[in-house]
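Trainee: Chains A and B are the protein sequences, given in the same order. The numbering of the first sequence is my numbering, which starts it at 653 and goes up by one. The numbering of the second sequence is my numbering, which starts it at 653 and goes up by one.
Hints listed in this document are in silico derivations from the structure and should not be mistaken for laboratory results. Possibly wrong hints are sitting among the right ones.
Put simply, identical chains are the same to the list, so a pair is met inside one copy or across any two.
What the hints assert, rightly or not - Below, in silico cross-link-like pairs of lysine-lysine (DSS-like), each with a Cα-Cα straight-line distance of 25 Å or less: (1) K814 to K759; (2) K834 to K679; (3) K655 to K796; (4) K679 to K655; (5) K780 to K796; (6) K685 to K698; (7) K760 to K834; (8) K760 to K679; (9) K796 to K760; (10) K835 to K796; (11) K721 to K685; (12) K835 to K814; (13) K685 to K796; (14) K783 to K834; (15) K721 to K698; (16) K709 to K766; (17) K684 to K698.
2 protein chains.
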Amino acid sequence: MDKRIPVEVSARHIHLSQNDLEVLFGKGYQLKKLRNLTQPGEFAAKETLDIQVSSRKISNVRIIGPVRKNTQVELSHTDAIFLRVNPIVRDSGDIEGTPGAVLIGPKKKIKIKKGVINAWRHIHCNPKEAKEFGLEDGNLFSVKTRGRCSLTFHNVRARVDKNYRLCMELDTDEGNAACIVKKGEGYLLI
Amino acid sequence: MDKRIPVEVSARHIHLSQNDLEVLFGKGYQLKKLRNLTQPGEFAAKETLDIQVSSRKISNVRIIGPVRKNTQVELSHTDAIFLRVNPIVRDSGDIEGTPGAVLIGPKKKIKIKKGVINAWRHIHCNPKEAKEFGLEDGNLFSVKTRGRCSLTFHNVRARVDKNYRLCMELDTDEGNAACIVKKGEGYLLI
């Protein structure tokens, strides 16, 4: 049985801790919402930062709100290769041993010692959907996309929470390889 | 049965006709070899060109020799999106209806009306290998890569010729999505 999953492509982005946000933008600063994202509560902020690693820089990288416990930069492999950092595939939040970078804000710049990751491909779903799919939080499974550039993504991580909305998140390399620019769809292979 | 296929990632590159080569570099110009490529007779040339589409430019794009009948620019989707051209997936040589670009050489620049493609993922193999794999020239099949970023590439085109050396060619988006930077391996799924 085919099980359809909406697919979204996430461009490079930054999650900030409140402390780092205030250093970069000023004391007491609050992120301003540009638009809501698919996952409830998550939003693209109006604010962007530049990311620098030695002489290489990527400008105007979108911050995603709300603030989190730890600052984390999510790049595609293409971005990481451009910045000459080793692209390490990690689940969100699992940043021990990952590369650092300099984040340049309007007030100041900060050097983070870790937190640059390539996000492990994953889906968000709620417990009811997970049950229908036969999945539990943390499970790995496969999702196939269709069309001329059809791909099957293996080792897709299931992330289950009652607040999640069903969606597979790919980075821009994965989306481009599947010829999916912003949104598409995939089918769970059980 | 698993059937191993070496995988190579092709960065953006340009094939030139002799006529376009001479306009860009001067009358009677011959490409200079930088290094041989995997397919016999093919080589990375010392020469590069800049590719421009309206205000966007990608500099120092490698020319691949020898010259061909028609000029053709092979980009990843990431590159095409950056240049704001529609990335059209095509077999090499099938350039009717594809976007054009301006190619900037040391002597002159030329405007090509067509020829910018995203190369259809493919393998090269010789007739003996094709027979072992149960493939014929032009067939589509699937190849799986391994590891944390494991992907199955569907719709991989078989290109069979007695001079070909066995290799699957991916673009940089496809390679990056599979965490293969330059070389890797895949397994034919029959």
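Trainee: Given identical chains, is K814 near K759, meaning Cα to Cα at most 25 Å, within a copy, between copies, both, or neither?
Mentor: Neither. Shortest intra-copy (38 Å) and inter-copy (63 Å) distances fail the 25 Å Cα cut-off.
Trainee: Give the relationship of K684 and K698 under a CA distance limit of 25 Å: within one copy only, between copies only, both, or neither.
Mentor: For K684 and K698, only the intra-copy Cα distance (6 Å) is at most 25 Å; the inter-copy one is 49 Å.
Trainee: Is it within a copy, between copies, both, or neither that the alpha carbon of K721 lies no farther than 25 Å from that of K698?
Mentor: within (20 Å within a copy, 49 Å between copies)
Trainee: Up to 25 Å between alpha-carbons, please classify K835 paired with K796: within, between, both or neither.
Mentor: both (14 Å within a copy, 24 Å between copies)
Trainee: What label fits K721 with K685 when the C-alpha limit is 25 Å: within, between, both, or neither?
Mentor: within (19 Å within a copy, 53 Å between copies)
Trainee: At most 25 Å between C-alpha atoms: does K760 with K679 qualify within a copy, between copies, both, or neither?
Mentor: This pair counts as within: shortest intra-copy Cα distance 12 Å, inter-copy 54 Å.
Trainee: First find the shortest C-alpha distance between K685 and K796 inside one copy, then the shortest across copies, and answer within, between, both or neither for a cut-off of 25 Å.
Mentor: neither (33 Å within a copy, 41 Å between copies)
Trainee: As a check of your reading, is K780 near K796 (CA-CA no more than 25 Å) within one copy, between copies, both or neither?
Mentor: within (21 Å within a copy, 31 Å between copies)
Trainee: Checking K685 and K698: alpha-carbon separation at most 25 Å within a copy, between copies, both or neither?
Mentor: within (6 Å within a copy, 49 Å between copies)
Trainee: First find the shortest C-alpha distance between K760 and K834 inside one copy, then the shortest across copies, and answer within, between, both or neither for a cut-off of 25 Å.
Mentor: Intra 32 Å, inter 37 Å, cutoff 25 Å: neither.
Trainee: Between the shortest in-copy and the shortest cross-copy C-alpha distance, which are at most 25 Å for K783 and K834: within, between, both, or neither?
Mentor: neither (27 Å within a copy, 40 Å between copies)
Trainee: With identical chains treated as interchangeable, where does the CA-CA distance between K796 and K760 reach 25 Å or less: within a copy, between copies, both, or neither?
Mentor: This pair counts as neither: shortest intra-copy Cα distance 44 Å, inter-copy 46 Å.
Of the numbered hints given earlier, the model fails hints 1, 2, 4, 7, 9, 13, 14; all others are met.
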